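Enquirer: Each protein sequence line maps, in turn, to chains A and B. Note that numbering that gives the first Met the number 0 numbers the first sequence so that position 164 is 163, with each residue one more than the last. Note that numbering that gives the first Met the number 0 numbers the second sequence so that position 304 is 303, with each residue one more than the last.
No lab work stands behind these hints: they were computed from the structure. Quick caveat, the model's predicted, so the values are computed rather than measured. Idealized CB from N, CA, C, for every residue including glycine. You may find that some hints are simply not true.
[What the hints assert, rightly or not] Here are the computed distance ranges between Cβ atoms for each label pair: (1) A/Arg-147 - B/Ala-181: 41 to 49 Å; (2) B/Glu-87 - A/Gln-56: 45 to 53 Å; (3) B/Ala-430 - A/Pro-113: 54 to 62 Å; (4) A/Ala-174 - B/Asn-501: 51 to 59 Å; (5) A/Pro-113 - B/Asn-290: 45 to 53 Å; (6) A/Arg-147 - B/Ala-527: 44 to 52 Å; (7) A/Ala-174 - B/Asp-496: 51 to 59 Å; (8) A/Gln-57 - B/His-525: 24 to 32 Å; (9) A/Gln-56 - B/Pro-519: 19 to 27 Å; (10) B/Pro-391 - A/Phe-178: 39 to 47 Å; (11) B/Lys-482 - A/Arg-147: 37 to 45 Å.
[As the list claims (entries may be wrong)] Only some residues are given here: those of chain A computed to face chain B with a beta carbon under 8 Å: (12) Ser-55; (13) Phe-62; (14) Pro-64; (15) Pro-82; (16) Tyr-91; (17) Val-141; (18) Val-143; (19) Ala-145; (20) Ala-190; (21) Leu-200; (22) Ser-201.
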Amino acid sequence: MAFSSSPSQVRMPLSAEEMRAISLEISRGFAPRRFRAGAARLTSTGFSPQELLSISQQINREFAPPQQRAAAQAESAKLVALPVDPEHIHVYWQLDEAAQASVPLTEPPADVQPLTLRVYSHPAPPEAVPLPAESAKTWFDVPVAAERSQQQITLPSGDTCIAGIYQVAIGRLNAQQEFNPLAYSQAAAVAPQVSPMTERLSPAMAQFIMLPSQASSALAVTASGQQN
Amino acid sequence: MNKGYLSIVLHAHLPYVHHPEHDSFFEENWLFEAITECYLPLLAMLERLHVDQVPYRLTLSLSPTLMTMLRDPLLQNRYLHYLQGRLELAERELERTRGLPQFEPLAQMYMQWFQDALHRYQHRYECDLLTEFQRHHSAGCLELITTAATHGFLPLLNVSPVSVRNQIGVGIASFKSQFGFAPSGFWLPECGYYPGLEQALKAEGITYFFVDSHAVMDADQPPRHGVYAPLDCGNGVAAFGRDPASSRQVWSAEEGYPGDGDYREYYRDIGFDLPLEYIAPYILDGETRINTGIKYYRITGAKQTKQVYQPERAKQKARQHAEDFIVRRQQQIDALTAEMPQAPLIVAPYDAELFGHWWFEGPLWLEQVLRLAASSENGIQTVSCGDYLQLPLQHVQATPAASSWGEHGYSSYWLNESNDWIYPLLHKAAAEMEKLANDLRGFTVSDLQQRALNQAARSLLLAQSSDWPFIMKAGTTIDYARKRITDHLARFNYLHDAIRKNRIDERYLTALEIMDDIFPDIDFRHYAA
Numbered sequence: 000m001a002f003s004s005s006p007s008q009v010r011m012p013l014s015a016e017e018m019r020a021i022s023l024e025i026s027r028g029f030a031p032r033r034f035r036a037g038a039a040r041l042t043s044t045g046f047s048p049q050e051l052l053s054i055s056q057q058i059n060r061e062f063a064p065p066q067q068r069a070a071a072q073a074e075s076a077k078l079v080a081l082p083v084d085p086e087h088i089h090v091y092w093q094l095d096e097a098a099q100a101s102v103p104l105t106e107p108p109a110d111v112q113p114l115t116l117r118v119y120s121h122p123a124p125p126e127a128v129p130l131p132a133e134s135a136k137t138w139f140d141v142p143v144a145a146e147r148s149q150q151q152i153t154l155p156s157g158d159t160c161i162a163g164i165y166q167v168a169i170g171r172l173n174a175q176q177e178f179n180p181l182a183y184s185q186a187a188a189v190a191p192q193v194s195p196m197t198e199r200l201s202p203a204m205a206q207f208i209m210l211p212s213q214a215s216s217a218l219a220v221t222a223s224g225q226q227n
Numbered sequence: 000m001n002k003g004y005l006s007i008v009l010h011a012h013l014p015y016v017h018h019p020e021h022d023s024f025f026e027e028n029w030l031f032e033a034i035t036e037c038y039l040p041l042l043a044m045l046e047r048l049h050v051d052q053v054p055y056r057l058t059l060s061l062s063p064t065l066m067t068m069l070r071d072p073l074l075q076n077r078y079l080h081y082l083q084g085r086l087e088l089a090e091r092e093l094e095r096t097r098g099l100p101q102f103e104p105l106a107q108m109y110m111q112w113f114q115d116a117l118h119r120y121q122h123r124y125e126c127d128l129l130t131e132f133q134r135h136h137s138a139g140c141l142e143l144i145t146t147a148a149t150h151g152f153l154p155l156l157n158v159s160p161v162s163v164r165n166q167i168g169v170g171i172a173s174f175k176s177q178f179g180f181a182p183s184g185f186w187l188p189e190c191g192y193y194p195g196l197e198q199a200l201k202a203e204g205i206t207y208f209f210v211d212s213h214a215v216m217d218a219d220q221p222p223r224h225g226v227y228a229p230l231d232c233g234n235g236v237a238a239f240g241r242d243p244a245s246s247r248q249v250w251s252a253e254e255g256y257p258g259d260g261d262y263r264e265y266y267r268d269i270g271f272d273l274p275l276e277y278i279a280p281y282i283l284d285g286e287t288r289i290n291t292g293i294k295y296y297r298i299t300g301a302k303q304t305k306q307v308y309q310p311e312r313a314k315q316k317a318r319q320h321a322e323d324f325i326v327r328r329q330q331q332i333d334a335l336t337a338e339m340p341q342a343p344l345i346v347a348p349y350d351a352e353l354f355g356h357w358w359f360e361g362p363l364w365l366e367q368v369l370r371l372a373a374s375s376e377n378g379i380q381t382v383s384c385g386d387y388l389q390l391p392l393q394h395v396q397a398t399p400a401a402s403s404w405g406e407h408g409y410s411s412y413w414l415n416e417s418n419d420w421i422y423p424l425l426h427k428a429a430a431e432m433e434k435l436a437n438d439l440r441g442f443t444v445s446d447l448q449q450r451a452l453n454q455a456a457r458s459l460l461l462a463q464s465s466d467w468p469f470i471m472k473a474g475t476t477i478d479y480a481r482k483r484i485t486d487h488l489a490r491f492n493y494l495h496d497a498i499r500k501n502r503i504d505e506r507y508l509t510a511l512e513i514m515d516d517i518f519p520d521i522d523f524r525h526y527a528a
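This is chain A alone, in the form it adopts within the complex (with noise of 0.2 Å):
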């Protein structure tokens, strides 16, 4: 008999809502429930509470990262250049253990230059940034102020044009100002400094558009004091 024959397929009517709860019920009810796992492992492994916290604290004894002492761990010198604004590049820097040694505490001996950071800024996004050549970019010289291998760097007011790229090497002048690099940043693709969009809308739209510095301001804490 073929089954489209069978008085069996009479059906009974359903709305469409109805389907879905039906649907959203069985779904309830009978999906693999993937994320019980965890608590079958809780029962089925025997762990007390005690247990795990005992586990976790042994592994943060033994394995937490040395916060202050991570940057010194490199294996090979590095640079990390992070956009924070339009204003400013944050850096971090890990140098091998000749170079981090020789960092000045307070006063240099007068053989070992100080740390220099040297920002290159690229008026345009280019294919592949190259690592710059000294007499084809601009750049200017930052003095290493911290001796916790990060620094934030402000860039100079109007330097900048939209979207501008940055990259940073670190490294030491010597008496003839020249400069021996240690290591380069990536590119850092940094954010316009200013909104020159918002001039060019009609009033009737930019009476709705604040610029970023007001909205940021503006809407940094709620009127319950959550920030945003």
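Following the hints, complete the assembly by docking chain B onto the known chain A.
Expert: Coordinates of chain B only, in the frame set by chain A:
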């Protein structure tokens, strides 16, 4: 007649707080408070709109960490215990306020509130809120989207594109495993965007995301329609900009609705107001005062003695504020329509936890906004951004500017002297994870090794959450944030060491799997370049 579109987006997120290694854990209250004050009221609102057949569209972004916690049996059980504790306190408050005409009705309100929460959570929803949200999605009213796996702030993880790819990919996979379908939209954590991010989103099938206003206004091409139409990022993925005007009305401390004197005061909680000997059983360790959720005062006014909360007065004010919001959107749409060849779209995204937790009357306000918008006389149609993209419109092609919706508009809230120490550690761990995956490419690994590798990926993802540097800057629960970062990195280091030395202790691994029980389908191989 429809003259303009309004897209209201709620972003619901909490960091993964799951501590089976403790019998109870204070920070898990973040989830419990949010369920009671935000998610249950939101679902109640959706139900009322459904019963009244109000046509509306609302977008809800659910973070993978929140979804995981909402379906975690341990946390579900602990939430029931939490509610029972609140009910006990509400009962004691009924006794304490008996005969006090200003306070007794409020105590009764809280009693009813917690009873209703318990009934709906336990019996009506069977502890499964996600299924209820999905019901409204299936009914065509709610668009569900998601965000990055652990809400990592992507502009500062971008040193490793593989990290960004996994934050996005694992987040979307987590959403799919919970709901059975893929999201079309993506909430960038903290609206953190950098040029090029749209490529990673497209690779995961995402068609739109949200940015703050200045990302659109400072795009590399002039945005002819301001933030009132999306940008096509050049690869078919659309960027929708936040409307500053409607954001300001809700977020701003000075001008925002939630600061009105008639609304309930968040900061006057009986956990802080009542004598310690009375409140001790309901606070932390019987000694440290915390919020209980029972609050008897209204905001009142600056430098005025706080007055007792009047719920009816607050409800009336919420309705007035909803009307004001709609009127202002109408005025905005009228002004914009004259300047645009197409109907303008106003995108109004908010943190979901604002509604009900910080702003007690927020869900009522939102419900009223949706009811008013549904009236055809208003000329406003609520849409999701996914709906809007179905319209036959050409969008300006441009790349948004790097930005976030945080203080000052960029990355400084997540990278400053309070939290900069975490980035070398996070980047180092990410590089080691990638190296592990690359080194093992083409090799067969044992089940135990695979479990350890996957758990290492979970530890890395959990360390990358934007919540930890946020808390360090905000100065709220700094010790906890520091501990969480340190714990997750320690767990990663432990697993990395064990894998490299091929000395994996299954007992320890299982303990870590229980404590960080998230992303069951994760595959460490996705960390290979």
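Enquirer: Determine for every hint whether it applies to the structure shown.
Expert: To see whether the hints hold, each was checked on the structure:
Take A/Arg-147 and B/Ala-181: their Cβ atoms lie about 44 Å apart, and the range 41 to 49 Å holds. Distance hint check: the CB atoms of B/Glu-87 and A/Gln-56 are about 33 Å apart, inconsistent with the given range 45 to 53 Å. Range check, B/Ala-430 to A/Pro-113: Cβ separation about 29 Å, and the 54 to 62 Å hint is violated. One distance hint, 51 to 59 Å for the beta-carbon pair A/Ala-174 and B/Asn-501, holds here, with the actual separation near 52 Å.
In this structure, A/Pro-113 and B/Asn-290 meet the distance hint of 45 to 53 Å, their C-beta atoms being roughly 51 Å apart. Judged by the Cβ atoms, the range 44 to 52 Å given for A/Arg-147 and B/Ala-527 is violated: they are separated by roughly 33 Å. Distance hint for A/Ala-174 and B/Asp-496: a CB-CB separation of about 45 Å, inconsistent with the stated range 51 to 59 Å. The hinted range of 24 to 32 Å is satisfied by A/Gln-57 and B/His-525, whose Cβ atoms lie roughly 30 Å apart.
Distance hint check for A/Gln-56 and B/Pro-519: the Cβ-Cβ separation is about 26 Å, which falls inside the suggested range of 19 to 27 Å. At about 57 Å, the CB distance of B/Pro-391 to A/Phe-178 disagrees with the hint of 39 to 47 Å. Distance hint check: the CB atoms of B/Lys-482 and A/Arg-147 are about 21 Å apart, inconsistent with the given range 37 to 45 Å. For A/Ser-55, the interface hint holds, since its Cβ comes within 8 Å of a Cβ in chain B; the closest pair sits about 6 Å apart.
Below 8 Å, beta-carbon pairs count as interface contacts, and A/Phe-62 has one with chain B at about 4 Å; its hint therefore holds. With a cut of 8 Å, the hint placing A/Pro-64 at the interface with chain B holds, because the nearest CB-to-CB distance is about 5 Å. Because the smallest distance between the Cβ of A/Pro-82 and any Cβ of chain B comes to about 6 Å, under 8 Å, the interface hint for this residue holds. Annotation: interface hint on A/Tyr-91 holds; nearest CB of chain B at approximately 5 Å, less than 8 Å.
A cut of 8 Å between beta carbons decides the hint on A/Val-141: the least distance to chain B is about 16 Å, and the hint is violated. For the restraint placing A/Val-143 at the interface with chain B, the shortest Cβ-Cβ distance is roughly 15 Å, beyond the 8 Å limit, so the hint is violated. Because the smallest distance between the Cβ of A/Ala-145 and any Cβ of chain B comes to about 10 Å, over 8 Å, the interface hint for this residue is violated. Satisfaction of the interface hint for A/Ala-190 is found here, the shortest Cβ-Cβ separation to chain B being roughly 4 Å, below the 8 Å cut-off.
Taking 8 Å as the C-beta cut-off, the interface hint given for A/Leu-200 holds, the closest approach to chain B being about 6 Å. Of the supplied interface hints, the one on A/Ser-201 holds, with its beta-carbon coming within about 5 Å of a beta-carbon of chain B, less than 8 Å.
Violated hints, in rising order: 2, 3, 6, 7, 10, 11, 17, 18 and 19; the structure is consistent with all others.
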